[in-house]
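Same order as they appear, the protein sequences are chains A and B. For the first sequence, position 54 matches number 54 in our numbering, and the numbering has no gaps at all. For the second sequence, position 58 matches number 58 in our numbering, and the numbering has no gaps at all.
Hint data in this document are derived by calculation from the structure and do not stem from the laboratory. Nothing here was measured: the structure is a model prediction, and the numbers come from that model. One should not assume that every hint holds.
Okay, the calculated beta carbon distance ranges per label pair [unchecked claim]:
(1) SER3/A <-> PRO83/B: 46 to 52 Å
(2) GLY51/B <-> GLY29/A: 21 to 27 Å
(3) ILE68/A <-> MET19/B: 41 to 47 Å
Even glycine gets a Cβ: it sits at the ideal position worked out from N, Cα and C.
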Amino acid sequence: AQSVSQHNHHVILSEAASLELGCNYSYGGTVNLFWYVQYPGQHLQLLLKYFSGDPLVKGIKGFEAEFIKSKFSFNLRKPSVQWSDTAEYFCAVNAYRDDKIIFGKGTRLHILP
Amino acid sequence: NAGVTQTPKFQVLKTGQSMTLQCAQDMNHEYMSWYRQDPGMGLRLIHYSVGAGITDQGEVPNGYNVSRSTTEDFPLRLLSAAPSQTSVYFCASSYSPTGGYGYTFGSGTRLTVV
């Protein structure tokens with residue numbers, strides 16, 4: 001069965017700093033990969049997704065993620081964070097032809113103004 | 001507005017009580033699922049459905065029951081509430097998880113069992 005590991009549980013950055021959140025998954029076959037964001041008091045929203053093709057995926061609000069198949073990784077990046085990026089970020093994986101999306105435990109990001 | 005509607009938003013139950021969390025979507029999505037969100041645990045899949053009349057268990061199904069009589073509705077039933085079921089519950093829907101379209105989430109139900 002697939003699983004997702006997010007390395008950082010809590011990240012604190014200053015505004016304008018660069019961001020990279022780690023995500024690794026365990027599944028040997030074809031996967032679809034996602035990053036979701038949950039702003040305080042709100043529900044999850046899709047940031048970006050990878051199905052196939054270009055391993056560098058661009059999402060909303062200046063976020064991007066790179067799929068590295070050899071490392072089973074799908075790290076989320078943003079070159080310059082803003083205070084409004086304070087939220088919890090979830091990586092998720094869907095194994096091809098499976099009916100489930102499995103989420104990681106989340107990374108809580110706090111941006112200092 | 002199209003989307004996933006969950007009711008109620010907040011609920012307090014006594015141990016042993018039963019209740020149903022409602023979830024409805026108007027996007028004609030075949031796939032629906034229930035997650036619970038607990039601090040430090042992320043989202044864990046309770047039950048899911050790939051279409052009307054078809055349901056299956058997720059990671060943490062014990063103590064919960066579901067049915068899918070229509071495409072639009074996917075209620076989650078707590079049979080006999082326990083304090084361990086205190087959590088935030090999210091319903092989600094999609095055209096299909098295998099197509100990788102991602103989910104549309106409801107706004108959540110915050111449940112406290114005392």
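Hints versus structure:
1. SER3/A <-> PRO83/B: 46 to 52 Å: violated, 27 Å
2. GLY51/B <-> GLY29/A: 21 to 27 Å: Distance hint for GLY51/B, GLY29/A holds at roughly 24 Å.
3. ILE68/A <-> MET19/B: 41 to 47 Å: holds, 45 Å
In the structure shown, a violation is registered for the earlier hint numbered 1 alone.
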